[in-house]
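Starting from the known structure of chain A, fit chains B, C, D and E with the ligands onto it as the hints suggest.
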Amino acid sequence: GEGSASAPEPTESAAAGEWSSDRLSLDFATYNPLSLIIRDQGWLEAELGDDVEVVWTQSLGSNRANEGLRAGELDLGSTAGSAALLARANGSPIHTVAVYTQPEWAAIVAPEGSDITEVADLRGKTVAVTVGTDPYFFLLQALEEAGVDANEVNIQNLQHADGAAALANGTVDAWSGLDPIMASAEETGATLVYRNIDFNSYGVLNATEEFIEQSPDLLQLVVDAYERARQWALDNPDETAEILAEVGAIDIEIARTVLLERTVIDLDPVPGDVQLDVLTTIGPIQVANGDIASQDAVDAALAELFVPDYAAAADPGRFE
Amino acid sequence: MAIDERNRATAARRPEDSGRRAAALPRVAVSVEGRSTVDRRRSGAVSRRRRLAHIGLGALLPIAILALWQAASTFGWIPAYRLPTPESLVVAAIDLGERGLLGLYIAISTQRVLIGFAIGAIIGLVLGAIVGLSRLADGALAPTIGALRAVPSLAWAPLLLLYLGFGEDSKVVLIAIGAAFPVYTTVAGALRHVDRQLVELGRAYGYTGVSLLTTVQLPAIVPAVVSGLRLALAQAWLFLVAAELVGSSMGLGFLLIESQNNGRIDRLFLAIVLLAILGKTTDALVGLLEKRLLKRWG
Amino acid sequence: MAIDERNRATAARRPEDSGRRAAALPRVAVSVEGRSTVDRRRSGAVSRRRRLAHIGLGALLPIAILALWQAASTFGWIPAYRLPTPESLVVAAIDLGERGLLGLYIAISTQRVLIGFAIGAIIGLVLGAIVGLSRLADGALAPTIGALRAVPSLAWAPLLLLYLGFGEDSKVVLIAIGAAFPVYTTVAGALRHVDRQLVELGRAYGYTGVSLLTTVQLPAIVPAVVSGLRLALAQAWLFLVAAELVGSSMGLGFLLIESQNNGRIDRLFLAIVLLAILGKTTDALVGLLEKRLLKRWG
Amino acid sequence: MTFTAPSTLATSPALPVRLSGVGRSFTDDAGSGERPVLRDVDLDIAAGEIVALIGASGCGKSTLLRQISGLDAPTTGSVTIGGEAVTPADQRCAVAFQEPRLLPWRSISRNVELGIPRSLDRAAGRERVAELLELVQLTDAAALRPRQISGGMAQRVSLARALARGPGVLLLDEPFGALDALTRLTMQDLLVDIHAVEPATIVLVTHDVDEALTLADRVVLLGRDADDAPGASIRRIVDVPGTRPRDRADAELAELRAELLDALGVDSHHGH
Amino acid sequence: MTFTAPSTLATSPALPVRLSGVGRSFTDDAGSGERPVLRDVDLDIAAGEIVALIGASGCGKSTLLRQISGLDAPTTGSVTIGGEAVTPADQRCAVAFQEPRLLPWRSISRNVELGIPRSLDRAAGRERVAELLELVQLTDAAALRPRQISGGMAQRVSLARALARGPGVLLLDEPFGALDALTRLTMQDLLVDIHAVEPATIVLVTHDVDEALTLADRVVLLGRDADDAPGASIRRIVDVPGTRPRDRADAELAELRAELLDALGVDSHHGH
Ligand SMILES: Nc1ncnc2c1ncn2[C@@H]1O[C@H](COP(=O)(O)OP(=O)(O)OP(=O)(O)O)[C@@H](O)[C@H]1O
Ligand SMILES: Nc1ncnc2c1ncn2[C@@H]1O[C@H](COP(=O)(O)OP(=O)(O)OP(=O)(O)O)[C@@H](O)[C@H]1O
Ligand SMILES: [Mg+2]
Ligand SMILES: [Mg+2]
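Residue numbers (the working numbering), protein chains in the order written: chain A, 1 to 320; chain B, 1 to 298; chain C, 1 to 298; chain D, 1 to 272; chain E, 1 to 272.
Just chain A, same shape as in the assembly (with noise of 0.2 Å):
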């Protein structure tokens, strides 16, 4: 799958105000720890200068960052990588141009002293999940490894937080859930069944057609300082901690575990055959429940989705 973009020009330090645009507009979200690294940095606005103006948007989920893009109101988004398969098969003119983090944000949830010690337990049971969400493909290849046929469970489509409640509550048995709302669940009592890091898809940072034809310069700064921000949260784990803390509101333990145990940094940003691998799971689940309109778009999306080269072409030293 190679991209249809052409390849980066090799970008010049950028000399007085010869920027392409004069605007940046991308996402932070709690789910992207190097998005918040980066603004809390504010590298961009560093180098940018008054020549560009950098507007952060915060996302509250791989959904709504997706609306931004299609809307054209965000140059630059970060979402699953599932999200942005269902999106790019769906028509959004979008491309995958960096992997940021490979997070197992997504688990198989049971709440305190239950009888639910692995996958084959959930038969004849009530699972909550938020269906068409990472914790949702999670559990359908969960069962599916497990051999169990996903018509054997009860599926209760709950909001995340909500199927966290509901299982504090035991309305429902288990809850395939989401960091960091798993991790406070855990905090009180409930215990991660089943954990598989290679069930996630990803998070995966997506750049808008028009923005790639149009600023190959600033699409390469943002992925450089990407690559930059991953070098400092490998080298300040406790600082990042601390910003993932303060800007998702939640415990700075719970940060830890889930930016510290749960969360793979250092990896290769270059999307390629390993999120392929994930996302060609994924993608026949998505037409078979409608999200997606036939297998055929999401052959073609997966053909065009990831544009590698500024990945490949990183330099994180020009933050130095």
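Quick caveat, the hints were computed from the structure, so don't treat them as lab data. Everything hinted at is true.
Just a few of them, taken from the derived set where beta-carbon distance is under 7 Å, the chain B residues facing chain A:
#, residue
1, Y81
2, P158
3, L161
4, G165
5, V246
6, S249
7, N261
8, N262
9, G263
10, R264
Computed from the model, here is a short list of chain D residues facing chain E with C-beta under 10 Å:
#, residue
11, I54
12, G58
13, Q98
14, Q137
15, A143
16, Q155
17, R156
18, A178
19, D180
20, A181
21, L185
22, V209
23, L264
24, V266
Note that this is a predicted model, so its numbers are computed, not measured. Even glycine gets a Cβ: it sits at the ideal position worked out from N, Cα and C.
Showing chains B, C, D and E with the ligands alone in chain A's frame:
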């Protein structure tokens, strides 16, 4: 033969299952049918022609909007990923229909709205009557109700989930909450300003309390009650989305949210259009009620 | 000195920046202050005492609820992860205050609601007057408006985003849409039933069109207009949440959704309580307006 | 068309009315100002008596009726009916207000029905309504709505509604004001007939001195004292000689008429 | 208290009114049924003339006034004012309706203000309102709201409002019906005075035959024909001799009075 999503959640997405569920539809459609019959009975040929002209007039604007929409997509004024074509909505509708979901979604959403609306309207009427007529109740209740009125539907949802679980109950209750406030507000407001002379007349002729309310005060505020019901019904549809956000895997609100999350804007627009059409259709029922009320009380 | 999230988004979470922003608050508070002044001027000691009693009465129910809530958490009837204690709300409020966010959120949400409400109320009034008075407009517009009325706020949001972007505009417009419908519905409904004798009197004395509207019809429906405004304001607060769902990083609606996503139920409840209090406070402004209107027109 | 007591109706017995020291002031909207309208009204009305109340426009006649009916409470003094204090909206009274006050959403017959005591069963009630509509000559209009009838017709509906009660005390505020000469005479006769069959204590406000003299046992003149003290009181009570039905051309009455008109300020030669 | 033409007011000149073949039916709510109220009314009213309209309650007097004012359109026939067809809500007319129809949210003086032609500047308008309130003896009540005044007071407010227009045609529907004898006489005199200074064509509905005879140049009797054909028409027109102000005790008038009462169905001996 009410529909209850609870027992069917798992099966919801199985197309082969749709025949049985579609059987629930006629119940909802009955009142729509009923309308034309009533109208027809009492109207001569002239007034029927006039009514048709009136309906034709009302269709102009929607047709114009549709034409503009079609033009926008045909001439590519707006890219298809931002504004789906009218055809793609039809395709999406057919697709959902074939999966056996379209009728089911419409039926269950309509059922939720109508039941919630009925409960909410009665509660609103009772509360409105109490607060509108008693200074004491006004002082004691009105501020709290005024505060609750501004609590958004999205905030109620998790609370109801906590205490009612995610069966039909929590959804109907949420819709009832939404429907109660407009009726309460308009009824309480209007009751405070009923013609004093007529109220005095009622008192002079021995009517007090509930009998005074039903004999003089309620008939006097029929227009306000109707406005309240109109708004309550609209609000019921608005709250439906929040209700189906929680613990739901069917319904138009669910379709709306899910499509929004997935970026399926053809389905998103389909959901919006369906909500608008259903909203208007049920609103016409209130219009029918209004006509009857005005015939009796106007 | 309007607040605009856009220019400040970057700085929003830096506590040291909060002083400047807090300066925007008094503007919002002015009208609340203004009330007691007006009241005080025209009231003797007796009526002031009575008004205090009235307010005290209105506080009873909220106090009872608060007491129950406190008891529920003190005696552990409901675990803290489901229902935060009242203290934890205070702690969360103080924490947000220290970050300079509490005042900012309240100010920007209130500003959005008030501006959107003002615009929506005017649009609703104009549309309501047109549809309520002209049979032609009624036939042509009412069905479409009735259909749009049932389109949920969450469905409007992405559309507005497409055409108005992330800025304040799309938020204010969404709130204005929410506020317009209740005013439209109540005004159009009430105008159709203004005492015919008084309208005829107006016509006999040479009033037509707008002058008839302002001289006879509008004063005659003051109670309905006030109910409509009440509902419009409440609806404005409801739509605020949808407005702050997308492309927003401040405001009480944002706080609500974000806390819900993060499972911070203390902040979630704080947001709900704040929305209720602000809803009630702004509602009191409509009450004030009502008093003035009734003094002139009642 | 003479009235015959309907067998269906258990009419209440006539009750005496006593006003002692009744005064009523209204507070000005502006604030502390008090506008006294009535003061020191003392009046004893025997059970079954007909009293006519006359006085200048705005002197307080309607206000006085409202004190008797319990729809308004006097600022000073007290009112008793049958020896017991008047209760709010006292059900021993029936009132025909100065304005017709018809419920616009009810047909004429359903408006009259409002006056039927609710102890009566439905069929009997309907019968009585039909009978009363016949008596006030509105049978043809029974199904019409108030906005479809004329002013005089509305006034007759209001009268029929009050008569429907069969009350102990009947309070009529200018019941014939909007009627033409013939209808007015017919209605006056109707009232006399009904009173003969079902005696009630009647207080009747009128502007027509002749009417007062033909119908009433006593005529009460309400008005301000010459010294212009604020608030109206009883200025004169005239006993009308003879028994009903009275001859409207009686000479003795003509004298009383001139006297009353004089008291009202009308030069009796100037008057018709 | 005699009326003097205010220098401030440009009164419209009196206009002739012509009714030809005017008929009006109302459709029954039930459906196709038509209830004819008026038929074949032909009447020529000269500019500046005063015509009194009398007739039984519910015979169609108010309906006829509404045809002239353009507030209602005849089913058949036509009405012209000053030779031109009447327009809807014709502004050459001023109407005092049978009910006072005061705007409840306006003070008494602001209600009268409604009648002031809007061409007049505000100060002059206020002056004229004050003047008219003085003339109808309501200066003290100027600041009150309609619900705070008596029925007779409300009627005078309505009269003052109609007079405020200074119209070409003045239509008065029982303007003095709710007034006591003295106030009634004063208001009648006021009308005559105003008419002398600012002549307008006046059509006056009244139930009082004496009033008709003292005020009008002609008295028009409306009613059904003996053959009971549905719908009322003009049954008689009486020219009143002499000029205003007339002596109310005139012998010739007494004769006309007996004649008219007779025509109304009242045995004139029976009448007062
Ligand atoms: N809007 C209407 N719809 C149906 N019938 C009406 C309507 N208006 C008036 N009528 C009928 O027309 C007739 C005449 O009414 P109108 O008010 O003209 O009487 P009137 O002569 O003024 O009587 P009054 O002296 O009692 O005021 C009445 O029988 C009434 O029922
Ligand atoms: N609610 C009120 N508030 C203030 N003043 C009032 C109120 N009701 C009546 N009045 C005043 O009381 C006085 C008497 O009114 P009332 O209606 O009793 O007069 P009336 O004798 O019936 O006159 P009319 O013959 O014109 O009907 C009037 O001057 C009126 O202004
Ligand atoms: Mg009176
Ligand atoms: Mg009339």
